[in-house]
Amino acid sequence: METKPFSDIAYEQFLAEEKLMGSRCKKCGAVFVPPRPICIKCYGDNIEWLEMRGSGKLCAFTCIAVGPPSMIEEGYTRENPYCSGVVELEEGARVVARIDGIDAKRPETIKIGMPLKTKFLRRGEGSLRKIILAFEPAEGIESP
Amino acid sequence: MFSTDSGESQYLQFGGEVERKRKLDRGVAVVAAGMSKFGLFKEKDSKDLLVEAFHECMSSVDKGMDPRDIDALYFGNFTNDFFVNQGHWGPIMSDLIGLVPKAATRTEGACASGALAFREGVFAIASGFYDVVLVAGAEEMSKRSTEEVTQGLALASSPYERKADFTFPGVFGATATAYFERYGATREDLMNVTIKSHNNARLNPKAHFGSSIRDIMTSKMDQARKKGEAVPKWENEKDFLGDLLVNPVVAWPMHLYDCSPISDGASCLLLVAEEMARSFTDHPLYVVGLGQGSGRGLHAKDDLTCFEATRFAAKEAYEMSGLKPEDVQICEVHDCFTIAEIVHIEDLGFFPPGEGYRAIKDGTTTLTGTKPINTSGGLKSKGHPVGATGLAQLYEIWKQLRGEAGQRQVPISDLRIGGAHNLGGTGGTCTFTILERR
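Residue numbers (the numbering used here), protein chains in the order written: chain X, 1 to 144; chain C, 1 to 438.
Honestly, I wouldn't trust all of these hints.
[Claimed, not checked] Taking lysine-lysine pairs in the DSSO-like style, the calculated list, with each CA pair at most 27 Å apart, reads:
1. X/Lys4 with X/Lys111
2. C/Lys233 with C/Lys44
3. X/Lys41 with C/Lys361
4. X/Lys19 with X/Lys57
5. C/Lys163 with X/Lys111
6. C/Lys44 with C/Lys143
7. X/Lys19 with C/Lys42
8. X/Lys117 with C/Lys163
9. X/Lys4 with X/Lys19
10. C/Lys102 with X/Lys57
11. X/Lys111 with C/Lys238
Rather than coming from a laboratory, the hints here were simulated on the basis of the structure.
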């Protein structure tokens with residue numbers, strides 16, 4: 001694991017193993033998700049991998065009714081929107097991800113600041129199988 | 001409550017005396033401008049539209065000129081490669097207007113491609129290399145389906161946003177939820193932007209949409225009446241915009257009328273060295289402020305309720321010009337989505353963070369307000385052929401500062417200074433340009 005380069009490709013490989021991984025600068029401690037090969041805070045290049053614990057809070061979101069072709073194929077339409085958002089992880093870094101386990105048809109029930117935990121969504125079959133990073137409400141609480 | 005940012009930006013402090021930084025070694029002036037009609041043109045392509053803009057540009061040179069005196073072309077275009085399956089647009093456009101074999105260079109900065117062409121033209125003259133430069137931009141989007149255009153535009157968003165299934169409207173929708181949470185604005189504040197932009201575009205004969213929201217509402221009611229259908233009971237514009245049947249969700253809270261349209265169009269400006277300007281016209285506009293900044297994807301932004309690249313570009317332009325936000329009398333801002341206009345007028349320093357939506361609500365930014373914003377109708381209503389947009393914004397400033405904006409001319413006496421703010425992608429490239437009439 002330590003030998004993997006701090007690249008988008010390695011980040012995706014970890015996601016496929018249902019691990020959310022970032023980079024940490026050994027010099028200044030800055031954490032980046034996805035990882036960065038260069039620490040843009042201190043320009044240090046002594047970097048290590050850090051696995052995120054997978055909990056965070058919702059910072060911003062949108063409920064998308066007109067999605068890209070790949071989402072339309074999955075059945076997400078005007079009648080069945082999906083939610084994507086920005087999540088601030090416990091470790092401080094932010095990620096963009098799908099937000100699951102909420103009612104995207106009722107955006108007023110989705111609250112900024114709500115606690116979330118990771119959930120890895122599977123898309124496609126066989127060699128096309130892909131893992132999409134998502135979050136769902138923590139503590140099994142469905143939105144009201 | 002959970003905070004949506006990690007501290008005050010270092011770029012928003014525009015108060016006090018501005019320290020002059022950066023300058024052009026040789027001044028540059030705008031002496032002519034042209035713009036095609038914006039809209040959906042099945043029978044016209046990018047070339048036809050550029051010719052339309054070029055004709056107007058050449059005929060707007062007050063003292064006349066020979067087009068053969070143009071030294072070079074800078075041409076802004078985002079992704080006609082994708083939209084019409086043709087790349088390498090510099091020499092194609094240059095040949096069209098008779099400039100071959102002179103230099104032709106294409107610039108690309110997503111929806112800010114036009115402003116980048118303008119900057120390159122300015123730098124080429126300021127360096128002393130050229131004296132007369134044409135800067136132009138065009139985009140041809142209507143020949144593709146909405147899904148394909150969406151896919152084409154998404155090429156300019158961050159790769160991580162694409163993997164999280166964000167769309168362009170989705171990124172701005174997320175910006176809106178963070179802004180609402182922090183400052184207490186609501187959808188009604190977005191509607192104020194839509195209503196204002198349509199009111200202005202109604203007075204702009206080149207705009208994609210030439211109707212106010214009230215006109216559209218009344219016309220739909222008349223149509224229903226004529227067909228003998230039930231007439232919708234909309235009492236006012238906000239009632240109309242609140243009806244999901246006419247204004248459906250695209251990416252909540254962005255609805256259809258929060259989004260700029262898919263448009264075709266072209267625009268151009270003629271730039272010359274300052275010392276030559278008066279031989280072209282007695283009323284040139286001088287390039288006094290230039291700024292350009294870069295930004296990151298949503299996940300890496302320090303503050304979700306602003307655009308760092310805009311703040312950086314604004315600081316640079318104010319420092320170059322020695323001007324302050326209050327000196328900029330009118331401004332075109334990149335309202336690709338309604339929330340963007342609210343955020344930009346804050347990032348440019350016209351209003352404090354969290355006050356932009358209030359200024360729009362109280363009428364400060366209307367044609368007759370004290371700080372008119374997007375007098376052209378903006379991207380929302382004038383249209384947004386992406387490569388043409390940055391230069392079309394400057395075209396509006398050209399018209400307004402010369403008193404040639406017709407019905408939409410702002411009634412400010414001694415109107416001398418105007419700005420144009422262009423944004424590319426989801427904030428990856430932002431520019432701010434200030435022009436002055438002396």
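Outcome of the hint check:
1. X/Lys4 with X/Lys111: 37 Å, violated
2. C/Lys233 with C/Lys44: 39 Å, violated
3. X/Lys41 with C/Lys361: 40 Å, violated
4. X/Lys19 with X/Lys57: 18 Å, holds
5. C/Lys163 with X/Lys111: 23 Å, holds
6. C/Lys44 with C/Lys143: Since the Cα atoms of C/Lys44 and C/Lys143 sit roughly 10 Å apart, the hinted pair holds (cutoff 27 Å).
7. X/Lys19 with C/Lys42: Between X/Lys19 and C/Lys42 the Cα gap is close to 49 Å, so the pair fails against 27 Å, i.e. violated.
8. X/Lys117 with C/Lys163: Holds, at roughly 18 Å.
9. X/Lys4 with X/Lys19: Measuring from Cα to Cα gives roughly 14 Å; hence the hint holds.
10. C/Lys102 with X/Lys57: 56 Å, violated
11. X/Lys111 with C/Lys238: Cα-Cα ~25 Å, so holds.
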